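Asker: So the chains spell out like this:
There are 2 protein chains.
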Amino acid sequence: MTKGNPVKLIDGSGNLLEGYIVDPDLSGCVIAITETLRNFEKRNYRLHIAISPLKNQDRFEWFVEKSVEIGIDEITPVICRNTEKPGIKKERINNIIISAMKQSLKAFRPVLNEPIAFNDFTVAGLTEVKMIAHCNPGYARTKIDNIYQPKMDAIMLIGPEGDFSEEEISLALKNGFKSVHLGNSRLRAETAGIAACHSVYFINQNP
Amino acid sequence: MTKGNPVKLIDGSGNLLEGYIVDPDLSGCVIAITETLRNFEKRNYRLHIAISPLKNQDRFEWFVEKSVEIGIDEITPVICRNTEKPGIKKERINNIIISAMKQSLKAFRPVLNEPIAFNDFTVAGLTEVKMIAHCNPGYARTKIDNIYQPKMDAIMLIGPEGDFSEEEISLALKNGFKSVHLGNSRLRAETAGIAACHSVYFINQNP
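Order-wise, the sequence lines are chains D and X. Using the working numbering, you'd call the opening residue of the first sequence number 1 and step up by one each time. Using the working numbering, you'd call the opening residue of the second sequence number 1 and step up by one each time.
Chain D with its partners taken away, still in its complex shape:
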C-alpha cells in the first residue's frame, strides 16, 4: 500500500473509519479520515461462550479465531473436572482475537476473561439465557432453538475432551442452565464450541 490508497480502520469499540494514506511511513503512517461509521456492525444479540481449555492449545486457539469471525462477545476459559491442561496463553489468544477481528471487520473487540473454576462460574448471577451443551444421555437435552430465540443474549457452556462430570451438569442445572445438545455427531470440544457459536448466529440470521 502506498500514498493515496484507501484504507478501513476499526477501533474495537464499534467504529469503522474510512480514509486514505497521506504518508505511508512505516514508523508513523498518516491517514486522512473521510468517514466515521459508529456502531457499524452492532449485532442484535450478545454471545458469551465459557469453554474448557483444551489439551491441545492450537485447537483452543482455532476455536477463538473461528468464533470471532462468526460472532462472539465474550470468552471465558472454565476449569472443569476433566480439564487436563488448565493454562491458556492469554497474550497470544488476544492477538488471535485482534487478528480475526481485523480480518472479518468486526466492530467490537471480544473480551477474553481470566480462567475461572466451573463451580464459581455457574453460581455467578448471570442474567442471560444460560445453556450447557453436553453428551450425557442421563439428562434430557433439547435442541438450542427450543431454548434460544433471536435477539436474546446467551451464555453457553462447552466442556473439555472428557465432557462435564455429572456433578457439574447437576450444579449447572440447579443454577438455571438449560441442557442442550448439538445434534447426533460426536464433536471434538473445539468443534462443539464452533457449532454452538454458529447455532446462535444461524438462529439470528435474517431471511
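I should point out that these hints are in silico values taken from the structure, not numbers from a laboratory. Please note: incorrect hints may appear among the correct ones.
The list makes no distinction among identical chains, and a pair is therefore deemed to hold if it is satisfied within one copy or across any two copies.
Said to hold, decoys possible - Within a straight-line C-alpha distance of at most 27 Å, the following computed BS3-like cross-link-like pairs (lysine-lysine) qualify:
id, residue 1, residue 2
1, K85, K130
2, K85, K102
3, K102, K143
4, K130, K42
5, K90, K3
Note that the structure is predicted; figures quoted are calculated from it, not measured.
Assemble chain X onto chain D, guided by the hints.
Answerer: Leaving out everything else, chain X in the frame of chain D:
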C-alpha cells in the same frame, strides 16, 4: 490397550463392529467381534460441498476435518477464477478424512473427488438442492433454510478467498443453483465451508 480390552471398529461402509482384543500383537492384532451394527449412523440427508482449494493448505485441511466431524458425504475441490493455488494433497486429505471419521465414529467414509473446473462442475446434471454461497450484493441472496428443508440432499458451492466471479455466479444460477448467504459476518473461505456444513446439520437436528 491390551488383551480383553473392548474396542469399536468402523469400516467406512456403514458398519460398527464391537468386540474385544484377543491378541494385542501390534503387527497382527486379533479382535473377537461380539456385535455388528449395520448402518448405525445413517444420516437422513446427503451433503456434498464443492469448495475452492485455498492459498493456505492448512485451512483447507481444517475445513475437511471439521466438516467430516459434523457430517458430510462428498467434497469436491472446484477450481474457480480466483483460486490462487489449485493443488490439494489428496493422500494427506484422505488421511485426515479417515482420522476425523474414526474420532467422531462416523459410519460412512466421505468421498474426496478429483479437482474439477468450476464451469464443468456447475453444468453437470446434479439432482440435489443446489446452492451457491457468495458475498456479491449484486445478486439477491437468501438464508439457507428458505431453500433447504430437512432430509433433502444438498450441494453447496463455496468460493475461494476472492469469492466467485460474476460470470461464475451467473453460470451457477443459470444451471439451477440458488443464491444463498451465510449471515452478515465476513467469513474466511474455510469458515464459510464449515458454516454451510453446520447450517445443513442444524436444520436436520431433532428437537
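Asker: Does each hint fit the structure? Answer for all of them.
Answerer: Consistency of the hints with the structure:
Only within a single protomer do K85 and K130 lie at most 27 Å apart by alpha-carbon distance; the minimum there is 25 Å, versus 43 Å between protomers. When the C-alpha separation of K85 and K102 is checked against a cutoff of 27 Å, the pair qualifies only between copies, where the shortest distance is 24 Å, while the shortest distance within a copy is 29 Å. For the identical chains of this complex, K102 and K143 are inter-copy neighbours only, at 25 Å across copies versus 32 Å inside a copy, given an alpha-carbon limit of 27 Å. For a Cα distance limit of 27 Å, the shortest separation of K130 from K42 inside one copy, 22 Å, qualifies, whereas the shortest one across copies, 32 Å, does not.
Taking the shortest Cα distances, K90 and K3 never come within 27 Å of each other, neither inside one copy (36 Å) nor across copies (43 Å).
Of the numbered hints stated above, the single one contradicted by the structure is hint 5.
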